[in-house]
Amino acid sequence: PPGIRAAARARTRSRPAPVTDVAKLCVCDLLVAQCDVNCCCDSDCSAADFSLFTTCSVPIVTGDSRLCSQKAAIYSLDVEADPPERIFKLIDQVNPSIFCIHATNYKQALSFSSPEMPASENFDQLLKQFGNPSFSAEPDSWNMNTDAPNPSDANETYRYKYGVPIQTVDAFLRLPSPVVSSWCSDVNPAGFLVNQATKCTRSVSVEKCGNIQAVSMLFYINSSILAVNITVQSIVVQSLNGMRTLLNGSDVLRLPLILDELCINIVLGVSYHITYTDAGEIIEAAASFVLGAINKEVLSIQQSFEISFTQVNTKPVPLSGNPGYVVGLPIRAGFRPQGYPFPVEILFAALVLNTNKYSQLTILQSTSNQDCLAAQGTRTPILFGYNMISGCKLRITADMKCQPLTQTLLDLLKGQSFPEYVASFGNSQAQDVLDWVPITHLHTSEQRIYNTFQSSCQIPVSLEIEVKWTKYGSLVNPQARIVNVTATITTTTAKQLPSGRERTIPIISSVVFTDISSPAEPGYKAWPTINAKLPFDFFFPFV
Amino acid sequence: NNSYQLSSVPLQILFYVNGIYYIFYFLVTLAMIVYKSQVFSYPDDFLAPDLALLFIMAILEVLRLYLGSKGNLTEEEAPLGLSLVITVGSVILSVYFLVWQTYVLKADVIINAVLLFTYGLESVLKVIAIAAFVS
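Chains as they are written, first to last, in our numbering: chain A, 1 to 543; chain B, 1001 to 1135.
Heads up, some of the hints might be wrong.
Unchecked claim - Per label pair, the in silico range of CB-to-CB distance:
#	chain 1	residue 1	chain 2	residue 2	range
1	B	Leu1047	A	Ser97	21 to 31 Å
2	A	Ser97	B	Leu1116	46 to 56 Å
3	A	Pro59	B	Val1114	38 to 48 Å
As the list claims (entries may be wrong) - A few chain A residues that don't get close to chain B, going by computed Cβ distances all over 12 Å:
#	residue
4	Leu110
5	Ser136
6	Thr492
7	Pro522
Source of the hints: derived by calculation from the structure; they are not laboratory data. All residues carry an ideal CB built from backbone N, CA and C; glycine is no exception.
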């Protein structure tokens, strides 16, 4: 009904007017319909209540004191009278300064103005004024135009950041990958510093041999990364039965062609190696290809693609985290070359890194037959954060000699090249010697009782590697940092067996990761200080 | 009757005093605008007209005093009449600074009132001088 609608419209358009009459303004009147204690301006208080007050919490209510003359309401308690009564005076307070405001023609000068209610008349104007993502009270016609793009950005050379797609002359460097199904999608861009390896399926046929672009080498090296051409690093040819041979001359572009009912030179795998500087520029790009052949029956092939990034002037070492270790990545370890105590500046790489995964910090890998001597050589790399335990059973016969047995067991437990140093961060470089933690070796004996027969054989039966790590860095993004690595070898006596008898002892090796990060310390605000100063005119007649 | 001097001495004295007082007025008003822009909220949209009108008023004042003084001393009514016309503009500007300025402080009221009084007195004396020159 129109009446209700009009009333509703009137209700929404009007809002309670701000109280500006000083006689009616009372800031200590907090309780509704109740008398607030010591609030002399409260209208809910009766004379009896006033007689109980000790003081007036709000002695004066004035308008803006910068005006030349303004009304003021003064509240006070007359304690002389019996009972005490409240005195209310409404006076005109005059500002004696000649810089008092006599009049003002600027609406928002002295008080907050009520915002306009949007209606159909002023909607467009309000939208123009307040519809932007930001607006200010002052018109910005005299300010600098902050929407204009920062001119200093235009002069900066293009710098890549992590994850940014690598640009080529026409689009982005493509790394085909399976998207929804296992079929290759060619629109996956390669991100800077994102090492990826993908495998996907592509449909081919011998008839369309030369027409399918994605199986031709040209497709992958055609587009040049801005100012850097993609060079062909190596070509490996895979024959129909899977045997791969490396070609000698790798500068020839081999395009698919039909030969003896086979389609040869189709791309089965591409591996990009991008070299970048620490300024974020790509300076070199190389691609290694695996070419194969298909026959008439083959309808689809699997292609594998890989991209890896290497910083210029560094050896490509797979990082285990940047900077803190990432759970699941292998722990990086290394050796100190002979004759180390040269200063680091003379020695370019103080530590020799083992890039071969299997001679890093590794642990014995259990095999199905659990026979220690048969399973020599299989080791698994220690992954950060994963506690591992493995073992095997050792059969000791009477004719085994102690010393070779000890040596064999040590080799079994520690592996052929047990490293001396472990990287404290996932991205520690070989040149930073202080970033590497030495491995502490401990020997304990299983028997508590000190055996008087010292000549009896002590054989190592367990190796426990304890890696102590801590959280390092900011609280919101803590990085794992290895602080201490201890390798404890436990030995036990091997009693000499009577001939013909044999014994089986278990050999155990384990890795334990312990978090020794100190708990977060609470931070408290500074104690409030007492700010006691004498008034500046304390020594009035003398100073 | 050539020995009679038609130039009005009180008018010339008033021109001289007006010149000195206007320099004081200009500096005080400028200083107070600067003070207001620091102490109060004085957006650029309101500050620009006030400053512009103050400078226009200064130019008009210089012109007015020069023409009036020249007319009075050379006993010509044309420059004096032009000066009277410019006085009307100066009066309007002074009223602006008295009433329609963004912030009108008590000091503004005082100096503008004095200026308006001076203008009024000058206008009367100019009319008398023109009448003396014409006749």
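Evaluation of the provided hints:
1. For Leu1047/B and Ser97/A, the hinted distance range of 21 to 31 Å is satisfied, since their beta carbons lie about 22 Å from each other.
2. Evaluation of the 46 to 56 Å hint for Ser97/A and Leu1116/B yields a failure: the beta carbon distance comes to about 23 Å.
3. Between Pro59/A and Val1114/B the beta carbon distance is about 39 Å. The supplied range of 38 to 48 Å therefore holds.
4. Separation of Leu110/A from chain B is inadequate, the least Cβ-Cβ distance of about 8 Å not exceeding the 12 Å criterion.
5. A beta-carbon of chain B is positioned within 12 Å of the beta-carbon of Ser136/A; the least distance is around 10 Å.
6. The claim that Thr492/A is not at the interface with chain B holds, since no C-beta of that chain comes within 12 Å of its own (minimum 87 Å).
7. For Pro522/A, the shortest C-beta to C-beta distance to chain B comes to about 42 Å, beyond the 12 Å cut-off, and the non-interface label holds.
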